[in-house]
Structures are given as C-alpha cells and as structure tokens.
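> The residues making up each chain are set out below.
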Amino acid sequence: MNVIEVKQLKKIYNTTEVKVNALNGVDLTFEQGEFAAIVGPSGSGKTTLLNMLGGLDEPTEGEIRIGGTNILELSSSKLIDFRLRNIGFVFQAYNLIPVLTALENVEFIMQLQEVPKKERQQRAIALLEQVGLGDRTNSRPSKLSGGQQQRVAVARALASKPKFVLADEPTANLDSKSTANLLDIMEELNRKENITFVFSTHDQRVVNKARRVITLEDGQIISDLKKE
Amino acid sequence: MLLAIAWRNIWRSRTRSLVILIAITLGLASGIFYMAFYKGMLDQRINSAIKTEASHIQIHHAKYLTNPDKKFVITSTDSVVQAIRAEENVKAVSSRLIVNTMIQSPTTGSGVKVTGIDPTMEAQVTNLHSKLIDGSYFEEDRRNPIIIGEKLAEKLKVKLKSKLVITVQDMAGNITGAAFKVVGIYETSNTSFDEKNVFVRQTDLSRLLAIGENTSHEIAVLLTQNEQLNPVARKLRSELSNLSVKTWREIMPEVSLLESSFGLTMYIFIGIILLALLFGIVNTMLMAVLERTKELGMLMAIGMNRVRVFAMIMLETVMLSLFGGLCGIILGWLLNLYFGATGIDLGAWSAAYKSMGFDTLVYTRLSWSISLQVAIMVMVTGIIASIYPALKALRLKPGEAIRIDM
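So the protein sequences, as listed, match chains A and C. Be aware that the first sequence starts at 40, since it is given in this note's numbering, and climbs by one per residue. Be aware that the second sequence starts at 407, since it is given in this note's numbering, and climbs by one per residue.
Don't take each hint at face value.
[Stated by the list, open to error] Short derived list, chain C residues pointing at chain A, Cβ under 7 Å:
no.: 1; residue: 407
no.: 2; residue: 411
no.: 3; residue: 414
no.: 4; residue: 415
no.: 5; residue: 704
no.: 6; residue: 707
no.: 7; residue: 708
no.: 8; residue: 711
no.: 9; residue: 804
no.: 10; residue: 805
no.: 11; residue: 808
I should point out that these hints are in silico values taken from the structure, not numbers from a laboratory. Glycine included, C-beta positions come from ideal geometry on N, C-alpha and C.
Could you build all of it, start to finish, from the sequences and the hints given here?
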C-alpha cells in the first residue's frame, strides 16, 4: 500500500528576479515500511520535496496524496491537524522545546492530539526507553548531548503514531558514534514496527543504511535505487 | 502543559522579563499608591464635610436655602426633632438658629454666619468640641459665650476672653446687638469654614433675635452610616413634606463632585499608566516571538494549530502582565498600609490645602474592590498586548521558520 503518492510535482520560486525551478515534475511513491533516503547536491530540491511531503509548503503544480488523502485540497487548519495525526518530523537542529523535559517534549505532541494524560505518559516513557533514554526522562534539552536530543526528537516524531516520519538531515549535527546509534534505533523501529522513514541527507552513513536511495538533481529524480 | 510552557518561557530570558516586571510593578504600585492617597484625602474631606460642616442631612424651611432669611424658620422644632429621632439609622439630631451678620472686634469687623446651638445636642452631631485648640466648649454657665475659628481670631485680632459684638436685626426688624466673650477657638481642616463660622448658645441667640421658643432655622441629622443617606432622606422627605430635606451631597455639591468623579479620575490615571506599560509589554513579547521563530515554526510544523499558538503567546503575555501587576498591587498595598497608619504630612502646602477644606495629614485609604478592578485592567492590558506578537507568530511559515538561523 502506498503511504505517499506524488504526481508531477513542480515548485517554482518567484521570489528573486530569476525564476527558480526547485522541483521539476517529480513522480514518486513510498510504501508502508520503507527506509528511504533522498540525496543530491545542495539546491537539488531535497528540502523543497521534503517540505511538500510534510505539507509545510505548497507546490506550484502537481498532486500529493498521503494515505489516499490529497493534502493540497485541505484547508490550512485541516492540514495542520492532518500533519499532527499523520506525519512525524525530525529536524536537523533537533528543535525540541527547551523549557520542557525530554518526557514532556515527547508527551507534548500527544497532548495536542488530546491523548489522556496517563496513556500519553506511559507511551512517552516507553518511547524514550526504546531510543535508549529511559534514564533521562526528566532532563531538559540543554542537559542532553546532540545525539540524545535527536533521539528525543525521534521519540517525539513517533509519539503521534504517524503514517511516516520525515527526517531532514537528521545526522548533520551529530558525531559518527551518535549518528550510528541514531540510525540503528531508527532502523530497528522501522524493521520491528514497520514505520516508514524518509530522510533527506548528504550523509553517506545514512545512504548506506537506507534500503532505497532517491537521487535528485535540478529538481528532478535522476535515479531511484532499491537495495535488496 | 501550555500554562507550564508559558510560565517557563517567561523565565527563559530572565533579565528581559525582570526589566518589564519591575516596570509593571513600579508603575502599578505608584498608581495604586496615588489612588490610595487621593482616596484618603477625599474620605477625610467627606468626613470633615459631614462631621464638622454639614452633617448627613439638613432640614430647613422650604424657602430658607434659596433665601436664607431668618424669618424662614422651622416651627414646632421639638416635634420635628422627635419625629426624626424616631427614624431608623438616625444617630443624633441638633437644631440650630442661624443668622448671617457682622461681628466686630475692637479693631475690625467681618461678615460671619452665627450659629446658635444646643452644646449637648450639637456635640452628638458635629465634632466642633473636638476641634478646639484653645479655651473650652461652652462649659462655664456664663452669659453670651462664643466660639470662633482661629482664622477669624487672627483676622479680628482677638484671643480667648476677648469681647466681640454681634449686631443683628431682630424678628421685629429692630437693630440690636450684644457683646460675646470668646471662650473657645477652634481649627478645622477648612480655613474658609473657620473664617466664616462662629458658634453661640441657641438660648443667647434666641434672646437676641427675639425669636419664639421651639423654632429653628436648621436641623442637622447625623446617621449611623453614610450608606443610609438616600433611604433616610427619602423617608424624611415624605414625612416632612412642607420642609426642605437636603443631603450633604446637595448642600456641598463641590465635595459630592469630588466623590463621584473619583472613580473616573482613577480609571483614567491607571489607564494612562497601563497604556505606557502596554508598549513595553508588546516590545518584550515581540522580542520573545522573534527569538523563538524556529521553535514556533517547529510547533506549527508538528501540528500545533493557530488557536493553540495564539493561546500560548497570549498566556505568556497575560502571565507576565498579571505577575507584574500582582507585585505592583502588593507593593502599592504595602505603601498604602504604611502611610495609612503614619499619614503623609503635606505641611509645606498646608495653606493651599486647608483653604480648600483638605487635611494636611493624609492617611492613605484603598479598598480591595479597587485593587481587584486594577488587576482585571492589568489582565485586559496583557490580553491586548499579546495580540500583535501572537499575530506575528501566526504569520510565520513553518517550513521557512524552522530553517532560520538564530
């Protein structure tokens, strides 16, 4: 079953004097349980594509279906709610809420979903244990290393039980040990729980782990390789 | 959790939050202290107007107030006094004879209002007896004693035991006069009152005016509490329909105006302080929003809707304002309690204040209800101040905001 379906996606930026074709007719589908990396040089359209998939930006042309829903037809408030219930985000700079503890950060998204307190606490603790941070639940982000913060971000992304997780350069700010650790955790979650992960990355270590590698150049897919 | 986030966010930039909190605290504390000062001054003025000058209610002949001629008397004063005393909430009653005339000292003269009183009845209604700074309050059973104000004593260049001559036209139209001996000199907080009012025994003035017994020009009524003013006045008006029944608010409209304008004046004053603080709060919150562009972008990206983002910024602003506001109200109250006990001496401006009837030692006064109203005004200010920063946050595009380098 296709989790994500993208047809003839185009994005033209008119903000500068020169028109920029950030995406130039992208067709793409992701199935449940994929562990995919979108790669390409800077300016190839990786981030633009990820923003479109996450409903954070609108394409100039094309269609995006997530779990069968055409997200471009949703009103902005319905799209926010759709993101909350269907998409998990992991950002390059972790982007945790600095005034909340690790546990509260993971709980927060479930509170937005109005999950009962007891249930969300149990799930948040379980997720933090899964990412190896069961002993750091009460630490604020400033007391955690970059790798640990990114693991909290992964736990947060999974807390909402999304259809898939979008991770924008998740290892860009991590050292090799933290990167390996994070990738192992995400791969394990992917294999055990069949969670779909889509990364944009420059990092060869991520590319090596991915079972599908999509290469973008000048806003077009130039290769889409699936490893066995 | 939004409450916890809002509260913790306030303390993320401690210095900035403290600066605006101190500004709110000091602004409101000074505003509240000024309110307490003004209210204290006003209450003292009203108290003085009631206790020294007008009492709560005055009863006259129907025509007396428009034409204060001595011929417009209240006949059967005793029965009227009895009827008034029978009313609920009436504490004391005193009948008076009044004549506006000239008083002469050996060196000069002055126009005065001579009030003939029954010292015992009058002492229950007004506090003249407690305002004496020299002499005594009609204690000796001597003929024609007079009590005058200090300001008049200065003007007439007389002192205790000096003789003063009062010249009047009696009820038959004959010019007559009598010498009075100064037995007491009083001083109230109103120098104009002190200069214009002298007090003699009702029996002495009655004899001088050759006026019949059981008559008076004025009956002063003291109530158990000011709140009963209008109900009692209404009742007396219906019972004494042939007489004029006036409350102190009608007799002294200038004092009544001060009382009624207090609320409005104070709201405008506090409003100006809050308006100035509003811009400070908006500035602080705008900085907080700009600093957190990335974080707000992330919150919107993961699914925090506009209402919640707006509520979070609003909560933060209201909490900041309310916390500062409460500190200001508490500080204002502490100042109010301190100066309510010790008083503030306005000695340097005493002449100006006393000429308008204000005490120069002001005891601050403030009610809790006013503090509550101020707290509500602060909360409203916080809500208004949050609108622009919150709208600014809502305009962020999550996809762009997340990537902004801070």
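> Taking the numbered hints from earlier one at a time, note which ones the structure violates and give those numbers from smallest to largest.
none
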